[in-house]
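Undergrad: The residues making up each chain are set out below.
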Amino acid sequence: MTYKQRIDGRGFDETRPIEAKVGVIKRADGSAMFKIGNTLAYAAVYGPRNLHPKFLQDPQKGILRCNYNMMPFSSSGERVRPGGSRRSKEISLVTEKALLPVLNLEEYPNSVVDVFIELPQTEAGSRCAGICAASMALADAGLEMKDLVCAVSVGKVADKLLVDLDYSEESYADGPVADIPIAIMPNSDKITLLQMDGEVKKEELMKLLEMSKKVLVDIYEIQKKALKEKYQGVEE
Amino acid sequence: MMHRELRTHIISLLNADTRLDGRKFNEYRKPIEVEHGIIKTAEGSAKVKIGDTEVMVGIKLDVGEPYPDTPNEGTIIVGAELLPLSNPEFELGPPGIQAIEIARVVDRGIRESKAIDFKKLCIEPGEKVWMVIIDVCTLNDAGNLLDASSLAALAALKDTKYPKFDGEKVDYKEKTDKKLHLEKMPIAVTVIKIGDKFIVDPDTEEEKVIDARLTVSSIEDGTLCALQKGGDFPLTSHDIDKMLDIGIEKAKELRKHL
Numbered sequence: 001m002t003y004k005q006r007i008d009g010r011g012f013d014e015t016r017p018i019e020a021k022v023g024v025i026k027r028a029d030g031s032a033m034f035k036i037g038n039t040l041a042y043a044a045v046y047g048p049r050n051l052h053p054k055f056l057q058d059p060q061k062g063i064l065r066c067n068y069n070m071m072p073f074s075s076s077g078e079r080v081r082p083g084g085s086r087r088s089k090e091i092s093l094v095t096e097k098a099l100l101p102v103l104n105l106e107e108y109p110n111s112v113v114d115v116f117i118e119l120p121q122t123e124a125g126s127r128c129a130g131i132c133a134a135s136m137a138l139a140d141a142g143l144e145m146k147d148l149v150c151a152v153s154v155g156k157v158a159d160k161l162l163v164d165l166d167y168s169e170e171s172y173a174d175g176p177v178a179d180i181p182i183a184i185m186p187n188s189d190k191i192t193l194l195q196m197d198g199e200v201k202k203e204e205l206m207k208l209l210e211m212s213k214k215v216l217v218d219i220y221e222i223q224k225k226a227l228k229e230k231y232q233g234v235e236e
Numbered sequence: 001m002m003h004r005e006l007r008t009h010i011i012s013l014l015n016a017d018t019r020l021d022g023r024k025f026n027e028y029r030k031p032i033e034v035e036h037g038i039i040k041t042a043e044g045s046a047k048v049k050i051g052d053t054e055v056m057v058g059i060k061l062d063v064g065e066p067y068p069d070t071p072n073e074g075t076i077i078v079g080a081e082l083l084p085l086s087n088p089e090f091e092l093g094p095p096g097i098q099a100i101e102i103a104r105v106v107d108r109g110i111r112e113s114k115a116i117d118f119k120k121l122c123i124e125p126g127e128k129v130w131m132v133i134i135d136v137c138t139l140n141d142a143g144n145l146l147d148a149s150s151l152a153a154l155a156a157l158k159d160t161k162y163p164k165f166d167g168e169k170v171d172y173k174e175k176t177d178k179k180l181h182l183e184k185m186p187i188a189v190t191v192i193k194i195g196d197k198f199i200v201d202p203d204t205e206e207e208k209v210i211d212a213r214l215t216v217s218s219i220e221d222g223t224l225c226a227l228q229k230g231g232d233f234p235l236t237s238h239d240i241d242k243m244l245d246i247g248i249e250k251a252k253e254l255r256k257h258l
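Protein chains in written order, with our numbering: chain A, 1 to 236; chain B, 1 to 258.
For reference, chain A alone in the conformation it holds in the complex (with noise of 0.2 Å):
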């Protein structure tokens, strides 16, 4: 049981095609587009504002609260019904973990920090592409932050350790597979969402931690790029 090369020719190591875009969205305070393969993630960032009800601020410091939505005819089989599901309040509930270290929120008391994901097209990594997205939005946004958030997905597909599964690879029937998202925060190296789900071995975990960080930097460094050409040809 080997896997022996991926399927669009990619390397072990390497990411599908990434683009990134800041300011996508006129009306959000911040926005933001990240592209991978063919997961596509908008993120729009709305405050801090006024939180209501009353009884969910915090006299201390804002919130974060954040969506993760797929659109109806993001998915590549049936139609996604609207409304939300468990599996996206549960991705809603991790991005706004991976989110909240970076923020320094103590200064918007009884506020609110809204970011809406939404998806128009996905095919696997989709909760790092928004994540991604959402943290490239908050900078935007002009928020204070203390780093950017990064995220792929790392993972085992039979016998390989590999970087951002594809769909067949998630899916990938001949033998194991461990689907790992993560995301970190790269100026101080601590990592803010860890999920996996497969199997595989605590060596193995270790080793595709390694593997993420070097993507993860040139993640950033599409990031770094994207919110500085939004504001090139603007005089200081």
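Heads up, simulated EDC-like pairs for lysine to aspartate or glutamate below, C-alpha to C-alpha not over 16 Å straight-line:
| no. | chain 1 | residue 1 | chain 2 | residue 2 |
| --- | --- | --- | --- | --- |
| 1 | A | K26 | B | D52 |
| 2 | A | K26 | B | D203 |
| 3 | B | K178 | B | D62 |
| 4 | B | K184 | B | D107 |
| 5 | A | K35 | A | E221 |
| 6 | B | K193 | B | D232 |
| 7 | A | K160 | A | E203 |
| 8 | A | K26 | B | E89 |
| 9 | B | K40 | A | E78 |
| 10 | B | K197 | B | D239 |
| 11 | B | K173 | A | E123 |
| 12 | B | K169 | B | D62 |
| 13 | B | K169 | A | E78 |
| 14 | B | K173 | B | D62 |
| 15 | B | K173 | A | E78 |
| 16 | B | K175 | A | E78 |
| 17 | B | K184 | B | E112 |
| 18 | B | K40 | A | E123 |
| 19 | B | K164 | A | E78 |
Think of the hints as simulated: they come from the structure by calculation, not from any bench.
Guided by the hints, dock chain B onto chain A, whose structure is given.
TA: Here is chain B on its own, set in the frame of chain A:
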């Protein structure tokens, strides 16, 4: 009234023959852009921009049972999601009345114009028919979502190809070359009345102060296929006469973008 100052300002501009952004009364924002086939996971898709307003529509095709009273006909289902990403005032949750109205007006334009021949959606009478599911998602609401949604829905339908169906299951991984045939091109144009003036393509500010609106859906030869009056104020038959003329005329212009 909540926006009294804004309304006074907009009316004084209209009286001077202009608008907040300097447009003519019957002028749409620029650019109007229609992109087809942008979403690989959909059987058809389009993104439409009218000025800063941006709407995406994806089409999914599914096989289902026909309604008992129309055993030889497939059907369309239209949904609209006013995504909270697209406007700070939109909230999460089930579709509100604005979303439902947009979906229903888009539905009626397509259904009543017979843009899609429902009989051609029949696979096996009484048993299996194609259902065309049209989902509108707003990306940026800078006004006039209705016209943008209607244009995007038609553009997406024009781009739609049937997936493979083996008699049992739909294989979404394989698209066929068979296109969904459009018999007509219904286009919705919303004409706005503010004071005694009529304008098209309102921006966010203008939308706040309208007296009445009439969404006019028409096909190539000017035949009307759906209407929807909105707004708190009534219209005279003279108003409607004028608004229909504007609606039919502007639809011809919008149709060129498809």
